[in-house]
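Between the sequences and the hints, there should be enough to build the whole structure, so can you do that?
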Amino acid sequence: MAQEPADLASDYQFWLQKLSAWEQASSKETQRDTCLHLSRFQEFLRQMYELLKEMDSDAILERFPSIGQLLAKTCWNPLILAYDESQKIVIWCLCCLMNKAPRTSAESGRNSWIQGLLSHVLSAFRFDMKEVCLFTKSLGYESIDYYPSLLKNMVLSLVSELRGSHLNGLNTQSRMAPERMMSLSQVCVPLVTLPDIEPLVEALLTYHGHEPQEVLSAEFFEAVTEAFLSEKIVLPTSSVVSLWFRHLPSLEKATLHLFEKLFSSKRNCLRRMECCIKESLLPQAACQPAIFRIVDEMFRFVLLETDGAPAVLAALQIFTSCLVEALRKENKQLKFALKTYFPYSAPCLTAALSQQPEAIPQGHRLQPLLHISQLLREAVEDCTDGSHRNPFESWFLFVHFGGWVDLAVEELLLREEAEPPAGLLWLLVFYYSPQDRSQQREQSMVELKVLVNRLLKLLRSGPLSAMDLLEAAESPREDPRPVCGQLVRRLLLSLLFWTPEGHAIVWEAVTHMAHTDAVTHEIVGFLDQTLYRSHHLCVEASRKLARELLKELQAQV
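Going letter by letter, the sequence shown gives residues 237 to 793 in my numbering.
These are calculated hints, taken from the structure and not from any lab test. Cβ coordinates follow ideal geometry from the N, Cα and C atoms, glycine included. Do not take every clue at face value.
Each pair of labels, with its calculated beta carbon distance range [as the list claims (entries may be wrong)]:
#	residue 1	residue 2	range
1	Glu-707	Gln-603	33 to 39 angstroms
2	Pro-604	Val-682	20 to 26 angstroms
3	Leu-252	Arg-508	44 to 50 angstroms
4	Gln-351	Ser-302	16 to 22 angstroms
5	Pro-472	Glu-737	51 to 57 angstroms
6	Pro-435	Arg-779	44 to 50 angstroms
7	Arg-690	Arg-508	23 to 29 angstroms
8	Glu-541	Leu-354	49 to 55 angstroms
9	Pro-431	Gln-598	52 to 58 angstroms
Structure representation (structure tokens):
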């Protein structure tokens, strides 16, 4: 038998008293009190059901003699029945009271009484019941006998009134009073998931008056947020944007909800991440700079907390890509608009990064890369320890646009010149080691230059050997500052997948590289990114290899 929680008995008495007080539900104060307690009462009902389902009807009545009174009062409270899953839980509790084999007339009578309550609960929301008058009264309508279509007409009437108030602007005589707006939003708290009420919810969310303070209740915003995130209602983007504009906790909760979906599973591929991000409506809402900055700040916090985890970087870059796509759909001029999204960065740098790197013709990509490198270097090296900006701000802007890193790696590995451009070396070193100071970065650039030359010499000297390639990538022991391991692996993997010579040894090389779980996850991330971004150098043979390796490595982690 399930154990009764220690505080359930006291909760039971508390809610029985509350239900008795709520029976006089004609006053607005009582309705407001009911709405404020709906989620807690539903949780109490759920706990009661978990206990009742383990007991027979006789044991239930012996333990809770007034259980029938409590459930009956619940059944006749339309606010409770309208809230979330309360109606369903009440039905479950009533079924527990049914005597499966009544032996006496009292037991049969009790079954009939329970069946009557079940019938009432199941029919209560056909909207042909007098209880609906409770709602109409609170909305300012006279109490009469209503029939099913009246609720829809009433909602449409309120929607028209709200839209009229919005259009009337400063004509205060024609506008809905703030007190009525507040009352209306509170009445809607337990009803937000009902399909017939959705137009009213949307109208409330998109209503913009001229009052100095918010006219809708915080409980209403919270109820809508909870219903939207749990996919119990579908709202147009304009309503969602308005919700997040007017209630900051709702925006923060939606962003945290997205983060949980993105980062709770280690096997979230980038395609799946993109779907989750688009379905969240956050990129569309982030077309508003004020919303973008809050979401971006939350990404910044997660990046700092995770020391720049690859999954977080990937999610940020996909989010930025979805935002840019949404802005283009709105026909905004990105080179001007993005200044408002990144107000603390140089406009010329933001404009340069916001270009689509994959759209630049091959053979014309080096100059934009060198230009971005120069702008970033000026921004980073001009910062002093006492300035309000620091290298992290420039790096944080740069990592929003990850396609430039792909392009820089490509230019390094496929160049024809004798020496790799210093600008590309600086760009990659900065991306992978943003915390380094200028002198450390210069040393890393020297080591990276040696590494790239070593790899390319090996590539051009004849048939590639996996072990020779891996040995060439190892830093000599006397190196004072070896190149970042992530950058080395990025260069190796790119060379293996983007060149025909690398295809022949890719399996052997990757098998030797994946010697720890962390490195294996890193390689899986590269393969997923290769397939996701459809790099032009990643021909069908490369994609096939990437798919096969991805499947093999995912089975190991």
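(request) Run the structure past the numbered hints and jot down the numbers of the failing ones, going up. (result) Result: hint 7 breaks, nothing else.
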